[in-house]
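Top line first, the protein sequences correspond to chains V and G.
In terms of our numbering, the first sequence is residues 1 to 148.
In terms of our numbering, the second sequence is residues 1 to 146.
It is possible that part of the hints are untrue.
Said to hold, decoys possible - Quick list of the computed label-pair ranges, beta carbon to beta carbon:
| # | chain 1 | residue 1 | chain 2 | residue 2 | range |
| --- | --- | --- | --- | --- | --- |
| 1 | G | 126 | V | 34 | 45 to 51 angstroms |
| 2 | V | 85 | G | 25 | 38 to 44 angstroms |
| 3 | G | 126 | V | 32 | 19 to 25 angstroms |
| 4 | G | 30 | V | 67 | 40 to 46 angstroms |
| 5 | V | 27 | G | 95 | 31 to 37 angstroms |
| 6 | V | 43 | G | 29 | 32 to 38 angstroms |
| 7 | G | 22 | V | 25 | 40 to 46 angstroms |
| 8 | V | 27 | G | 33 | 30 to 36 angstroms |
| 9 | V | 87 | G | 37 | 32 to 38 angstroms |
| 10 | V | 25 | G | 95 | 30 to 36 angstroms |
| 11 | G | 125 | V | 25 | 24 to 30 angstroms |
| 12 | G | 112 | V | 71 | 37 to 43 angstroms |
| 13 | V | 87 | G | 77 | 25 to 31 angstroms |
| 14 | G | 119 | V | 23 | 19 to 25 angstroms |
The set of hints was computed from the structure by calculation and includes no laboratory data.
Bear in mind the structure is a predicted one, so any value in this text is a computation, not a measurement.
The beta-carbon is built from N, C-alpha and C at its ideal position, and this holds for glycine as well.
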Amino acid sequence: MLPGNFNLQAFPRIVYSKDVVIVVPSTAQKGNLFFFAPDDIFNNSYIVGLKFNPQELSNKVDYPATDRTATEDDALTAAITLVEKSGTQRIKDMPVNAFNQHATNKYANKINKLAKYDINIVKSFITWCDASPTKNLYFYFTFYYLKK
Amino acid sequence: MYGVPNYHNIICVDALLTSNADGYVLQLNDNPIIRQPNVLITGVEIYTASQFTKTPAANTVITEAAAKGIVLTLQDDKNQYKVFEIPVLALNPAVNNGVSREFEPFRLVMQNSYLKVTDAAVVTANRSVYIAFNYIIDKAHKTTRK
Chain V
1 MLPGNFNLQA FPRIVYSKDV VIVVPSTAQK GNLFFFAPDD IFNNSYIVGL KFNPQELSNK
61 VDYPATDRTA TEDDALTAAI TLVEKSGTQR IKDMPVNAFN QHATNKYANK INKLAKYDIN
121 IVKSFITWCD ASPTKNLYFY FTFYYLKK
Chain G
1 MYGVPNYHNI ICVDALLTSN ADGYVLQLND NPIIRQPNVL ITGVEIYTAS QFTKTPAANT
61 VITEAAAKGI VLTLQDDKNQ YKVFEIPVLA LNPAVNNGVS REFEPFRLVM QNSYLKVTDA
121 AVVTANRSVY IAFNYIIDKA HKTTRK
């Protein structure tokens, strides 16, 4: 079997999941990088799936300084990079909407499995690809993971 | 589960079409990661402005309508066409029920692979085709380097 070929039989079967956000401030400019916050869970886990949630939650009280959740339209100029502890970029500049599973909006309409990434969450980030008038907002992701 | 992509590693390529003339061919640029002898391509997806409007290089991405006027050819290291002039839109999961195109792993030669404009009426010049390559590292590959 080829390395890293890890399959869940019927994704998304939630093994463990954790919701994570990235805050994009109103001052976001073209080329800015916005990093994930530290999270101990990911130090002892393999990431096996990722989902971008633009619509499930209209607001998240943990982030009162931000105005709202990022929508699919906000994500049109955002690309995500996931970096492993080894420093390898497992996903490089992938459109955030590629992880958006909403079937009705023609954005990506698919489920994504990841091949057991041992990611370094604080070195993983979103690239903001265009100057934008968007207000403070946060990108809301769900990581699926396996414990090591 | 058929069609559900299992992302091993993803690298995205920003291919800028500098012309929209019928028959215009854009060879893909060499890529230092894809060039490695132990990198095997397992899948490809293409995104349009419905998912992603600007690339990290600040190029504007082609629209869904434009994707109907472009085809993609991928060639391997044995000079075989793995994909010959497949419509770009057929590689966009958003309009293909979320299906991600997957291949038996192969070594891709970027410089022998190309995009071709087939319909100048729908394609605009200076737009990017944003291609995501899914690849694996073949650990069994023997390198001659010490």
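We went through each hint and held it up to the structure:
1. Taking the beta carbon of each, residue 126 of chain G and residue 34 of chain V are about 28 angstroms apart, not inside 45 to 51 angstroms as hinted.
2. Roughly 41 angstroms separates the CB atoms of residue 85 of chain V and residue 25 of chain G, a value that falls within the hinted 38 to 44 angstroms.
3. For the hinted restraint 19 to 25 angstroms between residue 126 of chain G and residue 32 of chain V, the CB-CB distance of approximately 24 angstroms keeps it satisfied.
4. The supplied range of 40 to 46 angstroms is met by residue 30 of chain G and residue 67 of chain V, whose beta-carbon atoms lie about 43 angstroms from each other.
5. Between residue 27 of chain V and residue 95 of chain G the Cβ separation comes to about 35 angstroms, which falls inside the hinted range of 31 to 37 angstroms.
6. For residue 43 of chain V and residue 29 of chain G, the hinted distance range of 32 to 38 angstroms is satisfied, since their beta carbons lie about 37 angstroms from each other.
7. The hinted window of 40 to 46 angstroms between residue 22 of chain G and residue 25 of chain V holds, with their beta carbons roughly 45 angstroms apart.
8. Judged by the Cβ atoms, the range 30 to 36 angstroms given for residue 27 of chain V and residue 33 of chain G holds: they are separated by roughly 32 angstroms.
9. A C-beta distance of roughly 21 angstroms is found between residue 87 of chain V and residue 37 of chain G, which places it outside the suggested range of 32 to 38 angstroms.
10. As the Cβ distance of residue 25 of chain V to residue 95 of chain G is approximately 33 angstroms, the hint placing it in 30 to 36 angstroms holds.
11. At about 35 angstroms, the beta-carbon gap between residue 125 of chain G and residue 25 of chain V misses the expected band of 24 to 30 angstroms.
12. Between residue 112 of chain G and residue 71 of chain V the beta carbon distance is about 40 angstroms. The supplied range of 37 to 43 angstroms therefore holds.
13. Between residue 87 of chain V and residue 77 of chain G the C-beta distance comes to about 27 angstroms, which sits within the given range of 25 to 31 angstroms.
14. For the hinted restraint 19 to 25 angstroms between residue 119 of chain G and residue 23 of chain V, the CB-CB distance of approximately 42 angstroms leaves it violated.
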